[in-house]
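The chain contents come next:
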Amino acid sequence: MRPILMKGHERPLTFLKYNRDGDLLFSCAKDHNPTVWFADNGERLGTYRGHNGAVWSCDISRDSSRLITGSADQTAKIWDVKSGTPLFTFNFDSPARSVDFAVGDQIAVITTDPFMGLTSAIHIKHIARDPDDRMAEIGESVLILKGPQGRINRAVWGPLNRTIISAGEDTLIRIWDSETGKLLKESDKEEGHKKPITSLSKSADGSHFLTGSLDKSAKLWDTRSLKLIKTYVTERPVNAVTMSPLLDHVVLGGGQDASAVTTTDHRAGKFEAKFYDKILTEEIGGVKGHFGPINALAFNPDGRSFASGGEDGYVRLHHFDPDYFNIKL
Amino acid sequence: MADVMSMDDIRATAARLNVDLSSLDLDSIRLPAGEDFGVISDDEDLKKDESLEFEEGFGNIIVVDNLPVVPKEKFEKLEGVVRKIYSQIGVIKEDGLWMPVDPDTQKTLGYCFIEYNTPQEAELAKEKTNGYKLDRSHIFAVNMFDDIEKFMKVPEEWAPPETKPYTPGENLQKWLTDEKARDQFVIRAGSDTEVLWNDARQSKPELVYTRTYWTESFVQWSPMGTYLATVHRQGAQVWGGATTFSRLMRYAHPQVKLIDFSPGERFLVTYSSHEPSNPRDTHRVVINIFDVRTGKVMRDFKGSADEFAIGGTGGVSGVSWPVFRWSGGKDDKYFARIGKNVVSVYETETFALIDKKSIKVENVIDFSWSPTDPILALFVPELGGGNQPARVSLVQIPSKEELRQKNLFSVSDCKMYWQSNGDYLAVKVDRYTKTKKSTYTGFELFRIKERDIPIEVLELENKNDKIIAFAWEPKGHRFAVIHGDNPRPDVSFYSMRSGTNTGRVSKLTTLKGKQANALFWSPAGRFIILAGLKGLNGQLEFYNVDELETMAQGEHFMATDVEWDPTGRYVVTAVTSVHEMENGFNVWSFNGKLLYRILKDHFFQFLWRPRPPSFLSPEKEEEIAKNLKKYSKKYEAEDQDVSMLLSEQDREKRRMLKEEWERWIGEWKRLHEEEKLERQKLRDGEASDEEEEYEAKEVEIEELLDVSEEVISFD
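Residue numbers (full-length UniProt numbering), protein chains in the order written: chain A, 1 to 329; chain B, 1 to 715.
Source of the hints: derived by calculation from the structure; they are not laboratory data. Here a beta-carbon is modelled for each residue, glycine too, at the ideal position from N, C-alpha and C. Mixed in with the good hints there might be a few duds.
[What the hints assert, rightly or not] DSBU-like, lysine-lysine: derived pairs with alpha carbons at most 35 Å apart:
id	chain 1	residue 1	chain 2	residue 2
1	A	Lys82	B	Lys681
2	A	Lys189	B	Lys653
3	A	Lys194	B	Lys658
4	B	Lys600	A	Lys185
[Stated by the list, open to error] Among the chain B residues that face chain A by a calculated CB cut under 7 Å, a handful are:
id	residue
5	Leu599
6	Leu657
7	Trp661
8	Trp668
9	His672
10	Glu675
11	Glu678
12	Arg679
13	Leu682
14	Arg683
Chain A with its partners taken away, still in its complex shape (with noise of 0.2 Å):
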């Protein structure tokens, strides 16, 4: 099927997140407003107001009743995503990068960048039930986990919310205590990447996670035991990555720096976002479009489609057709 271009943002994006229904996408991009579309058409709903800085990630609430974004503006905001009105911002004094729920979206876990002689951190914090109760006495994080040289790129819940997986610049992913902050493991410095993590992405039921780096491959872990189950090596530096939640696909999306990008042709990019089969590791086939590279994959819960955003300000929603779903290999 044709893929549904979707112009709504000005700057390259960022992210991308479906909500658990699979009927609404919400993207970030650098411009500031955060988006939402309708998952079926591409048609844009609306646009969350009050960001003043790039918006690097987001995450919606179960009930998707609540989005949360980190900002650049070194804040997080929680939003009512009906109506698209600013609930409750959390201020920090550098840019938050990484924003994830926990299990009952009661707490959350946020990054944020190295910044003026800070380092980065991991923030965790509760999240009141209803806006007006008291929020602002919940401003304060729960705990703070500081640690990891660089950038934070991504740290996401555990089973249970019993630990946070983080992964960043240092090249290594990280599983810490939610409860005492401790750190519980880290990844083999000869398995795992060479180069800075710039994504992770979780499985449907959050048993296994896929990681995408710089060193031009993406890397499939278990979520209890950290170990590596599986590499897949593309030709390209990965910026972006998830996984199919119905068949046995990853995608990957990249291509070279924005700033190495050439200007003779969209080919010599290769900005792909290309299918690996999970188990075989063996590359299935690639997805083109982008005039840029691919920043941010997403994967409807349903299986039936993926988003992908480009550096060159485009959604492409890609619905699939009957097809895909009789590959074999």
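Model the placement of chain B on the given structure of chain A, informed by the hints.
For chain B alone, kept in the frame of chain A given last:
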């Protein structure tokens, strides 16, 4: 004896021997000459090399001998003359000219010392004035001061050189006996250099030898594939061996830049150019010709870059490599270079000019050897505004007899293309149109092997077409031309002898509008790749000239190089580091099937290992061609076995992977189930994720937008 002695050990020993260490300068201790106390030096090699370099600090002093012996009165005059001669070449140091005087007779001794500012100037002075005729009885003999000692050491009596016992070397051609009849290639990526087998059956290369920092600039196979040459600051080296690559020989040549093997790989030519001490001078060029096997310098050439530039007019454009071009054939008998109004042909027996003189050809600007015979093709451009026509002539060596000559009029440029068997010579001639404003192109085709060497003129149908590329079919009678205007030129094929008329060139076909700018014939002929390199994005068309049909089309984006393997079975397209991205190479079968691709960052070089010409007699070759079916059966069976094995292994591997994956999935399911309740608790009792299936309901919403009442009258 311990290899290394610690300071404590030394102190202890000193105390034992009652030696006061503080009164001793340890650095002043020297071993007696020729004594190593049982410690064998591991750089014996280095020592040998050192004897080659005479950096003793007098490199800038020369000794001029055979000066006239003059009395005191004439001393100043002679000194003046000498100074005049030598200060032309370089700056003589203050008090740098010393002419010793016999204290008894007050006469000079007939020699003097001259000290220059730099060794380069001294070297130049030696070259330029050695043999200088001051007058009939005084011919200068100039030597480097440093060399004098060496000359003194020459023993008076000739002693027969020691004959070393013969040690059989490795079989340097072992790679040709590969059971799977594979070919090797060398690649250079980053700092690594690797030699690999092209294992097309397994669709991957197999490593033979790899080494980091093997070469400092590039590597090169010898023309028959026996040696791999690496280039270093100190000189060149060649490597080879039966199973691995070990160093066979070194050729000292400081700052060597370029190397070139003779076609029979008997000789190696090395080239370097050096910054002049005086910026107004041209670069100095040093060329050495080594014997590959013994490593001896057979002859060296030194001079300014001007002298080695083609036609003596280069100057700015510099030296075109190779300076020395070797005559065809595997005997390496002759080599030649072009000079101002001369072509100098040397023979390798004595490394001297044939008949001791160069061939005089006024204004010659280009020449080339036949690839098989000692025949030189020379090109002389038009002179005197068209009064004297341009000329292409064929000269037989060593007789220097002109075999054939052709005068050409209103020529702007000429290029010569030899067919690989030396059967034909095509001369591409660019001529001015009458108005002299533009040029058009034609070909002069020489049939070398026929009586009297007939010449045929070929003009394209559209005379104004630009010629983009020309290529002879190796060992064949056909050639291909890309002509027309970019970006979609035509490709035409011609045959020098087709069916009925063997004496005339005829066109086979023209392919219109191809995205191609380069032609690559298979070394076995018959197949050709029309390639659109670089600007044309790496379009490839695999064409069968026998059937005149396209076999396949492909693309290797931004390909910069196309290299056929020496057998013509496989072809490689590569993107080298001239492009920033997608560095690596693709291996294709001759008919355009992509077999495998390898990506390498900073990919510099890809070179197939050449093969020597077949050892089979023509009869045997014909016999094989006749019974090809019989022979191919065996290989086909092997191929099948391999592919069966591969698919079997592949299936097995997949099964294993699937099983392993199933285990993971099972484990995860179990854990997920275990945690179900806890998850539910975290969600305040809400049923956990996938357990409750939601269903899509169609909800119809009616919205009242506007209500208006209107009275409609019935007429």
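Against the structure, the hints come out as follows:
1. A:Lys82 / B:Lys681: This hinted pair holds, its Cα atoms lying about 27 Å apart.
2. A:Lys189 / B:Lys653: Holds, at about 27 Å.
3. A:Lys194 / B:Lys658: holds (27 Å)
4. B:Lys600 / A:Lys185: The hint holds at about 33 Å.
5. Leu599: Since chain A brings a Cβ to about 6 Å from leucine 599 (chain B), closer than 7 Å, the hint holds.
6. Leu657: holds (5 Å)
7. Trp661: The hint holds - tryptophan 661 (chain B) has a Cβ within 7 Å of chain A, the shortest such distance being about 5 Å.
8. Trp668: Hint holds; tryptophan 668 (chain B) Cβ to chain A Cβ min 4 Å, cut 7 Å.
9. His672: holds (5 Å)
10. Glu675: At about 5 Å, which falls below the 7 Å cut-off, the nearest Cβ of chain A leaves the hint on glutamate 675 (chain B) intact, so it holds.
11. Glu678: Because about 5 Å separates glutamate 678 (chain B) from the closest Cβ in chain A, which is inside the 7 Å limit, the hint holds.
12. Arg679: holds (6 Å)
13. Leu682: Hint on leucine 682 (chain B): holds, closest Cβ of chain A at ~4 Å, below 7 Å.
14. Arg683: Result: holds, 5 Å to nearest chain A Cβ.
Violated hints are absent here; each numbered hint is respected by the structure.
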